[in-house]
Amino acid sequence: MTDVLIILFDYSGTFAFSVSGALAAAEKKLDLFGALFLGFVTAIGGGTTRDMMIGNTPVSWLQDPVYFYLIVAAVALTFLFTNTILRFPKALFLFDTIGISVFTIIGIQKGLHAGIHPPLAVMMGILTAVMGGIIRDVLCNEIPLIFHREIYATACLAGGVFFVLFVFLNMPESFTALIAAGVIFTIRSLSVRKGWALPRFK
Amino acid sequence: MTDVLIILFDYSGTFAFSVSGALAAAEKKLDLFGALFLGFVTAIGGGTTRDMMIGNTPVSWLQDPVYFYLIVAAVALTFLFTNTILRFPKALFLFDTIGISVFTIIGIQKGLHAGIHPPLAVMMGILTAVMGGIIRDVLCNEIPLIFHREIYATACLAGGVFFVLFVFLNMPESFTALIAAGVIFTIRSLSVRKGWALPRFK
Amino acid sequence: MTDVLIILFDYSGTFAFSVSGALAAAEKKLDLFGALFLGFVTAIGGGTTRDMMIGNTPVSWLQDPVYFYLIVAAVALTFLFTNTILRFPKALFLFDTIGISVFTIIGIQKGLHAGIHPPLAVMMGILTAVMGGIIRDVLCNEIPLIFHREIYATACLAGGVFFVLFVFLNMPESFTALIAAGVIFTIRSLSVRKGWALPRFK
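Chains as they are written, first to last, in UniProt numbering: chain A, 1 to 202; chain B, 1 to 202; chain C, 1 to 202.
Calculated from the structure, these hints are not laboratory results. One should not assume that every hint holds.
[What the hints assert, rightly or not] Calculated lysine to any residue pairs in the SDA-like style (CA-CA distance at most 25 Å, straight line):
| no. | chain 1 | residue 1 | chain 2 | residue 2 |
| --- | --- | --- | --- | --- |
| 1 | B | 28 | C | 166 |
| 2 | A | 110 | C | 69 |
| 3 | A | 110 | C | 66 |
| 4 | C | 202 | B | 77 |
| 5 | A | 110 | C | 58 |
| 6 | A | 28 | C | 143 |
| 7 | B | 29 | C | 195 |
| 8 | C | 29 | A | 200 |
| 9 | A | 194 | C | 32 |
| 10 | B | 28 | C | 142 |
| 11 | C | 110 | C | 166 |
| 12 | A | 28 | A | 148 |
| 13 | A | 28 | B | 166 |
| 14 | C | 202 | C | 143 |
| 15 | B | 29 | C | 140 |
[To be verified] Sample of chain C residues at the chain B side, in silico, Cβ under 7 Å:
| no. | residue |
| --- | --- |
| 16 | 52 |
| 17 | 53 |
| 18 | 59 |
| 19 | 118 |
| 20 | 120 |
| 21 | 143 |
| 22 | 147 |
| 23 | 148 |
| 24 | 194 |
| 25 | 198 |
| 26 | 199 |
| 27 | 201 |
[Stated by the list, open to error] Stretch-level coverage of chain B by chain A, calculated; a stretch enters the list once three of its residues show a Cβ under 8 Å from a Cβ in chain A:
| no. | stretch |
| --- | --- |
| 28 | 136-149 |
| 29 | 189-200 |
Nothing here was measured: the structure is a model prediction, and the numbers come from that model. Where a beta carbon is used, it is the ideal one built from N, C-alpha and C, also for glycine.
Generate the whole structure from the sequences, applying the supplied hints.
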């Protein structure tokens with residue numbers, strides 16, 4: 001049951017990330033190929049980097065075709081209805097936040113299962129959540145947004161540490177995963193509402 | 001016989017892609033190291049990304065030293081005879097088009113042999129053809145050309161779908177590979193002559 | 001004994017590369033997450049790319065947590081004492097040069113142990129030394145410094161060829177590694193003092 005929820009959240013996040021990639025293409029007035037490429041890279045860039053680093057190959061999305069069809073659908077819809085989608089920023093924010101929460105926890109699980117030192121597994125989780133957006137920004141010739149305007153790395157870190165601790169206390173993993181994703185979701189939502197930010201270089 | 005042809009085409013494409021990388025370095029007034037790095041990345045970036053994603057390691061060009069010597073020769077020639085080479089754009093276009101045609105088919109074959117879902121194998125083929133040029137453009141601090149001026153992704157897609165269909169109809173693989181590469185070559189050549197382009201965001 | 005020295009040099013280099021990543025973040029006025037990300041990428045980008053290409057996974061730094069703590073410490077110190085660190089450019093140069101010397105040799109060793117053609121193993125060594133800085137520059141939206149102002153690729157090449165030759169002459173590997181790293185260190189230091197540079201496109 002909790003596993004089904006996690007898969008549903010994973011798909012929602014993939015969808016939201018693809019839309020965000022396609023919207024970046026819209027902003028740069030790219031063509032349909034650019035939109036597809038950016039949609040894919042944003043959605044699967046984090047998990048792909050993680051899988052290549054821990055040696056989990058073929059990488060996850062090559063083993064479950066659902067991602068492929070989800071991303072193509074998300075990009076096509078964004079291409080056809082760009083303006084409509086831009087009118088619902090709160091829905092996008094909701095799916096995006098669900099996405100990073102679940103991506104982080106899935107990334108940590110894959111790291112732990114590969115036998116990686118727990119703090120490094122937390123890093124793999126954060127990488128899963130942030131790397132797609134970073135590659136998207138680099139391909140659009142921008143300094144990654146997340147480097148100068150904290151978006152969600154801290155929330156991922158907090159939820160990730162929580163998850164690892166409770167797994168080590170032998171809590172049931174998939175239930176803990178859901179709670180930890182909820183922690184990330186909550187911190188992230190609060191931080192946007194309150195305008196929390198990380199310190200910057202002076 | 002057909003296999004030998006495919007290898008020859010693969011080498012021609014590698015050579016042309018290396019020249020294109022070195023020419024990008026020339027345009028940015030880089031030094032010899034920059035030219036070598038861009039030559040390598042353009043020539044082997046696509047196949048390397050594909051191999052790392054499907055877990056085919058060490059990646060292909062590390063297993064066949066011919067690529068290494070071809071790329072070094074192509075970059076050295078481009079460095080020494082930049083202006084002469086720029087006088088033959090049609091020859092460059094020819095080799096480049098041979099290259100992407102063969103790179104696409106080889107990429108699909110490696111994907112299918114790794115047991116990947118056929119539409120995803122076609123994506124691996126397109127990735128093999130386009131990723132080198134994308135990394136080259138990112139390293140030169142440009143938005144990848146292929147994102148806003150369709151070059152060959154559609155041709156690769158058409159030839160790739162053709163190839164996968166005929167392989168599934170049990171046609172002999174290496175013969176079908178040659179025909180499919182020919183399809184890509186033809187569509188690509190026509191699209192340049194006729195000025196075909198993908199729709200863009202408005 | 002020589003092995004311990006190599007590990008110590010490897011850690012020094014990792015530290016120096018992390019500082020260089022964090023300083024790049026300081027220059028662009030990024031936040032703490034940006035500094036950490038750039039510190040990590042600069043320090044482990046080269047080895048990670050190499051490991052993913054030769055199939056040595058999980059990549060090295062995921063198998064030895066010392067790197068993680070070293071990098072976090074280096075970035076934290078740079079964040080807190082940016083101006084103090086900038087007052088000691090010679091110390092930074094020293095550690096950085098130790099780093100690239102050792103990174104090159106370690107990269108070649110991993111390539112040779114993976115059974116790769118020796119000239120390609122030398123390339124893996126150079127990649128280990130240069131790729132972190134290249135990714136750092138791309139993430140900062142700059143054309144990589146090393147592409148237009150030769151920094152150390154030639155020194156890495158010379159020391160790398162030396163190393164491979166002596167290994168093939170059956171010299172004891174870890175002793176030869178130290179000498180070869182010394183060759184790189186010396187050439188690199190001399191080239192900076194004398195202003196040596198590679199030829200550029202005209």
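Verification of the hints:
no.: 1; hint: B/28 with C/166; result: violated, 38 Å
no.: 2; hint: A/110 with C/69; result: holds, 21 Å
no.: 3; hint: A/110 with C/66; result: holds, 21 Å
no.: 4; hint: C/202 with B/77; result: holds, 14 Å
no.: 5; hint: A/110 with C/58; result: holds, 12 Å
no.: 6; hint: A/28 with C/143; result: holds, 20 Å
no.: 7; hint: B/29 with C/195; result: holds, 19 Å
no.: 8; hint: C/29 with A/200; result: holds, 7 Å
no.: 9; hint: A/194 with C/32; result: holds, 19 Å
no.: 10; hint: B/28 with C/142; result: holds, 12 Å
no.: 11; hint: C/110 with C/166; result: holds, 16 Å
no.: 12; hint: A/28 with A/148; result: holds, 20 Å
no.: 13; hint: A/28 with B/166; result: violated, 38 Å
no.: 14; hint: C/202 with C/143; result: holds, 18 Å
no.: 15; hint: B/29 with C/140; result: holds, 20 Å
no.: 16; hint: 52; result: holds, 5 Å
no.: 17; hint: 53; result: holds, 5 Å
no.: 18; hint: 59; result: violated, 11 Å
no.: 19; hint: 118; result: violated, 9 Å
no.: 20; hint: 120; result: holds, 6 Å
no.: 21; hint: 143; result: holds, 5 Å
no.: 22; hint: 147; result: holds, 3 Å
no.: 23; hint: 148; result: holds, 5 Å
no.: 24; hint: 194; result: violated, 16 Å
no.: 25; hint: 198; result: holds, 4 Å
no.: 26; hint: 199; result: holds, 6 Å
no.: 27; hint: 201; result: holds, 4 Å
no.: 28; hint: 136-149; result: holds (count 9)
no.: 29; hint: 189-200; result: holds (count 4)
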